[in-house]
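*Asks:* Sequence lines, in order, name chains A and B.
Per my numbering, residue 1 is the first one in the first sequence, and the count goes up by one each step.
Per my numbering, residue 1001 is the first one in the second sequence, and the count goes up by one each step.
Worth double-checking, as some hints may not be accurate.
[As the list claims (entries may be wrong)] Anything over 10 Å on all C-beta distances counts as not near chain B; from chain A, calculated:
no., residue
1, Ile6
2, Thr10
3, Val13
4, Ile17
5, Met24
6, His27
7, Phe28
8, Lys31
9, Val72
10, Ala84
11, Leu90
12, Thr91
13, Glu93
[To be verified] Chain B stretches covered by chain A per the calculated footprint, using a threshold of three residues with CB under 8 Å from any CB of chain A:
no., stretch
14, 1113-1125
15, 1162-1174
16, 1184-1193
The hints are simulated quantities; they were obtained by calculation from the structure and are not laboratory data.
Backbone N, C-alpha and C define an ideal beta-carbon position, used for all residues, glycine too.
Letter by letter, the chains look like this.
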Amino acid sequence: METYKIYILTSAVLFVIGIGGVFMARHFIKKIIATVIMGGGVFLCFVSFAERDALTFADPVPHAMVITGIVVAVASAAFALALARRIYQLTGEQSFPIDK
Amino acid sequence: MINLPTSSLPAILVGLPILVATLSLFFRSRGKAVVGLLGSLLTAGLALIAFVEVAQLGSVIHILGGWEPPLGILLRMDPLAVVFIGMTALVGVFISLFAWWYFRAQESTNGKFSLFWPLWLFLWAGLNGLFLSNDLFNLFVTIEVIGICAVALAVLSGKTDSLFAGLRYLLAAITGSMAYLFGVALIYGSTGTLDLGLLGQILEPGKTTTFALLVITFGLMVKMAGFPFHFWLPPAHSSALAPVSALLSALVVKGAFYILLRLWAEVFGISLTYAGGQLIGLAGAVAVIWGSWQAFMQTNLKLIIAHSSVAQLGYLLMIFPLLILAPGVVAGSADWLSPAWTAGVYQVMAHAFAKASFFLSAGIIIMAQGHDHKGSLRDLASRMPMTTMAIGIAGVSLIGLPPSGGFFAKWMLLKGVFLSGQLWWAPVILTGSFLTAGYVFMLLRLAFAPARDQEPFRPVPHSLQVVALLLALGSFLIVFPAENLIQFLESSETFGSGIESIMEGGAYGNN
């Protein structure tokens, strides 16, 4: 098996772990971490394609996209954490109410 | 595509709102509002110029920084894009005017929400960018800009329930965009390009393409609140401030639909199957029935309107099965394709005008009564006849009674259903209209009923009511240029006239 395939399989596993966590975890922080793990899986997938296409040097386009993607993912996660913190300050809740 | 006439308008349409939004951050609250309102008027004017330009020249492109694709980024403004940009501008200008008077009237009681202006302009830039984008990754960036601005706007009131709803919305949005990006990574890995036009030519059917199509469609379904991923929409849209609710339901969810339409028609034509189309149509059909029924069962006005959005978005999903030819049908005889996808565009416009008007009217009622229990509608007809009329007109468009824009969209959809022979969608469309009529008439009946008790009633500025009424009228006026507009849409080289050959179907289902 070529090296890049290990990375791609890992990225798929990370993505599935993340998506499962978003839907199944209850605690806000766990949900947010799950989205970060999903993002990690996606970025790994991009970068592994860069490794595959490498003849003399790695394909730079996936790296450019991953950099942009990381910036976006960090901003989203920070915003989600800020919301979760504000909810905790106002109500003391750390998860969504069950009835909804 | 490089041969098309170039224009700098696409770049300005994205750049100007970002510039003004950044500029407005330097001002205090009143200054923010002034700069924001001027910026939105300016952006709307630009959108008008862009519409005229595309009507004269046909599709135009802009190559950012002179870096030609595949290395650089190309913005493409074709008739479909410019119709969406125009709709955003029209609805956006009315909502901006409403927000201006709404926040002024509330300044003394509810604090200041001046951050609405920069966020709204960033959102507008994101929407324009999304409509103009021509590659998969650019679409990801713009939909993330839209998502983050939309959540920030949704939690602007700072109340607890809006924070809960906002976090739920944000988590759904991140999940959706990560799934979309995963699909983009797979497409890039298998083809080495992200350009929509190029992908449409070189993408080959196979397991990777099918899987990428699946995760991209899943991600966009979450983003556009397609059934069964609609759970985040009603709380987020109903707990936001009035102008924000109007923006979220009129414009934001349409962004994801636009990407879905473009990708299914332009890129993934080769991998689409008859069964896949039927499945997404089924999701739409369930959304129409379930959303309308839920709307009927709610007791709060804004929740009724938000659930009605779920149903109206279901109609948008129902155009996808019609775009894929059944096995054994020859594409040359496919005269329903054009009614089907233009029905989608008209449904987007009619819903944008009607739902924006509906949410603004709800904001007016909350302003007057202090709450939005549907009982607060009692005696509305004598207290605020203009708002009652706005609710009535917008409601008629949502139901789809002639001669409204909603009627035109549903009539075209039915035409597509009958001409394509997929008759099983027709009862869903009609049942959806009946259920919609149920909750709209329930609201109107309350508006004409006498008041039970003397609730305190605060007068609302007339300007707010006029804006809501004008938006409601807009959902009727869009019918008049219908014939020209549809011809305009079909004239597109990159979309429209090309759709017939694209939708002939791929390797699995149709041959």
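*Asks:* Taking the hints in turn, state whether each one holds.
*Replies:* Hint-by-hint comparison with the structure:
1. Ile6: holds, 15 Å
2. Thr10: Given that every Cβ of chain B is farther than 10 Å from that of Thr10 of chain A, nearest at about 13 Å, it holds.
3. Val13: For Val13 of chain A, whose nearest Cβ neighbour in chain B is about 12 Å away, the distance exceeds 10 Å, so it holds.
4. Ile17: Non-interface label on Ile17 of chain A holds, nearest chain B Cβ at 12 Å vs cutoff 10 Å.
5. Met24: holds, 12 Å
6. His27: holds, 12 Å
7. Phe28: Violated, since 7 Å does not exceed 10 Å.
8. Lys31: Given a closest Cβ separation of 6 Å, the condition is violated.
9. Val72: violated, 5 Å
10. Ala84: violated, 6 Å
11. Leu90: violated, 5 Å
12. Thr91: It is violated; Thr91 of chain A is separated from chain B by about 6 Å at its closest Cβ, not greater than 10 Å.
13. Glu93: violated, 8 Å
14. 1113-1125: violated (count 0)
15. 1162-1174: Since 9 is at least three, the answer is holds.
16. 1184-1193: holds (count 5)
In summary, the structure is inconsistent with hints 7, 8, 9, 10, 11, 12, 13 and 14 from the numbered list given earlier, while agreeing with the others.
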